[in-house]
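Listed below, chain by chain, are the residues.
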Amino acid sequence: MAKILIVDDEEGIRMLYSMELQDEGYEVITLPDGRELLQVVDREHPDCIVLDIKMREYNGLDLLQQIRRRHYDLPVILNSAYSSFKVDLKAVAADYYVVKSSDLSELKEKLKIALETRIPPE
Amino acid sequence: MKFIEDNPNDVTRADIVVGIPSYNESSSISFPTQQADKGLVKYFGRFSSAIINCDNNSPDGTRSAFMETDSKTPKIYISTKEGVTGKGNNLRNLFAKAAELSAKAVIVIDADLKSITPLWIRNLGEPLLEQYEFVAPLYVRHKYDGTITNIIAYPLTRALYGRRVRQPIGGDYGFSGNLAGIFAEWEVWNQSVAEFGIDIWMTTTAMRNRVAVVQSFMGRSKIHKVKDSLAYAEALFPDVINTIFELMCRYDGFWKDVKWSRPTAVFGFGSGEFEVPPQVEVETKRLSEKFSQGLGKFWNEYNAILTTQNMNKLQEVAELPFEGFEFPTGLWAKVLYDFAVAYRNNVIPRDELIQVLIPLYYGKTLSFVLETQAMNNQQVEELIEDQCLQFEKAKPYLVERWFSG
Numbered sequence: 014m015a016k017i018l019i020v021d022d023e024e025g026i027r028m029l030y031s032m033e034l035q036d037e038g039y040e041v042i043t044l045p046d047g048r049e050l051l052q053v054v055d056r057e058h059p060d061c062i063v064l065d066i067k068m069r070e071y072n073g074l075d076l077l078q079q080i081r082r083r084h085y086d087l088p089v090i091l092n093s094a095y096s097s098f099k100v101d102l103k104a105v106a107a108d109y110y111v112v113k114s115s116d117l118s119e120l121k122e123k124l125k126i127a128l129e130t131r132i133p134p135e
Numbered sequence: 005m006k007f008i009e010d011n012p013n014d015v016t017r018a019d020i021v022v023g024i025p026s027y028n029e030s031s032s033i034s035f036p037t038q039q040a041d042k043g044l045v046k047y048f049g050r051f052s053s054a055i056i057n058c059d060n061n062s063p064d065g066t067r068s069a070f071m072e073t074d075s076k077t078p079k080i081y082i083s084t085k086e087g088v089t090g091k092g093n094n095l096r097n098l099f100a101k102a103a104e105l106s107a108k109a110v111i112v113i114d115a116d117l118k119s120i121t122p123l124w125i126r127n128l129g130e131p132l133l134e135q136y137e138f139v140a141p142l143y144v145r146h147k148y149d150g151t152i153t154n155i156i157a158y159p160l161t162r163a164l165y166g167r168r169v170r171q172p173i174g175g176d177y178g179f180s181g182n183l184a185g186i187f188a189e190w191e192v193w194n195q196s197v198a199e200f201g202i203d204i205w206m207t208t209t210a211m212r213n214r215v216a217v218v219q220s221f222m223g224r225s226k227i228h229k230v231k232d233s234l235a236y237a238e239a240l241f242p243d244v245i246n247t248i249f250e251l252m253c254r255y256d257g258f259w260k261d262v263k264w265s266r267p268t269a270v271f272g273f274g275s276g277e278f279e280v281p282p283q284v285e286v287e288t289k290r291l292s293e294k295f296s297q298g299l300g301k302f303w304n305e306y307n308a309i310l311t312t313q314n315m316n317k318l319q320e321v322a323e324l325p326f327e328g329f330e331f332p333t334g335l336w337a338k339v340l341y342d343f344a345v346a347y348r349n350n351v352i353p354r355d356e357l358i359q360v361l362i363p364l365y366y367g368k369t370l371s372f373v374l375e376t377q378a379m380n381n382q383q384v385e386e387l388i389e390d391q392c393l394q395f396e397k398a399k400p401y402l403v404e405r406w407f408s409g
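Protein sequence lines, in the order shown, are assigned to chains A and B.
Under my numbering, think of the first position of the first sequence as 14, with each following residue one higher.
Under my numbering, think of the first position of the second sequence as 5, with each following residue one higher.
Hints are supplied without guarantee of correctness; some may be wrong.
[As the list claims (entries may be wrong)] Derived list of chain A stretches under chain B, where covered just means 3 residues or more per stretch with a C-beta under 8 Å from a C-beta of chain B:
no. : stretch
1   : 80 to 86
2   : 102 to 112
3   : 123 to 133
[Claimed, not checked] One-sided excerpt, in silico: chain B residues whose CB lies under 10 Å from chain A:
no. : residue
4   : Trp259
5   : Glu287
6   : Arg348
[To be verified] Footprint (simulated), chain A over chain B, 3 or more residues, beta carbon under 8 Å:
no. : stretch
7   : 208 to 219
8   : 318 to 324
If you're looking for bench data, these hints aren't it; they were derived computationally from the structure.
C-beta: ideal position from N, C-alpha, C; glycine also.
Hey, can you work out the whole structure from these sequences and the hints?
Next up, the structure:
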């Protein structure tokens, strides 16, 4: 059972995603911002992170770079209400960019692909 | 591989090496040499470094143009023997020299670059002093610049090897001294690699060896000598595609188990500059003519190479009028996969097979241009990402065809 970490400053989003993804069979943990993100990743070893971008004093794109430096191949899906951040070069480091919607089909599809992604070990 | 060397400062060690491969670049090599020198002094002053021109015994005075360029960084000239040409051969000499100098980081830049700044040296070199071993460039590019990259090299290498390197044949790179050693010893080498195939060979070998790859933002377009982008693409095409297909044959044990793809880290934010890339014009009528002529000339070959289903689909595409012309990416991915299988199986001689692919490449380029005429560069990037996903979704088709004989 894959473990998904949801990072979003909106409680409603965290609750919705938790319910829907748990229904899909995932284990879900959530964070309201980036303050303890790296410690939680080190402790909980999520299989994928769904990361909001605009979170009050935290910028998801900057958090993404921090994650990438420490966890080269950890899947991260950027999830934002704004499509405009796609033009930001920092977004290249994310596996996928999904614009927020009440319909979570695209998020679920990209999550499935991110978890299936495999590069064989040496 | 033996080479000729001129090392007037008797450099025996260099932590950072900037290599500039060349052939007949006497009129252009001074500028990138100066920029490399400025970059090394400004960003890597605490390290020992050298700038190495790896040449093919150019008869036009490249050697003296390089050696006479003012620089604080010591310069070394090395060359293949007379009569031996090819960027790949130049870089093979560079790999050996970098090992001799115990280089930690090797940066390669083209000798005819007009848009390089000292920041490029930092952005291609600094990640190598951290945990990364291969640095690929991220240029600002016009949507019609780099069609081989956009339509073939990027989607195909991403689907095969599972790593998203947006510009796998950019031409300017960084790699660790360790990776240079791997490159020097790697047994997969042929004439295409020795020529223009070297760029895709390095990127693919880095991905195949699962080294940590980063993409570094250059902030500007790559501006060099190329005038006619279509003619330039046609010159590169055989070596690039031959190398991609040859490496597919060698690495099939690896790529068959790759599913989907992963991003790389990105470096070089706050590069200061973000220029609008120069306009690239594409002659759509010329592309259409080349596509149609090729279809007429090579129809029998396409019948031998493509599956019946894909041939039928190609026929449908061929019958489309210019105004509504479209070459669907799903079909294009399968066409490339069919060509790769045919290459492996020597259905027709390999050199001929690559030539036969060219008109279809023109057809897909035409389709891409027509589809994106009203799009800005960001919209085109999103389209390319969608197209890459289609290549990845079609991968099981390739695996099934490849391994069922």
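Inset, instruction - Determine which of the earlier numbered hints do not hold for this structure and return their numbers in increasing order. - result: 5, 6 and 8
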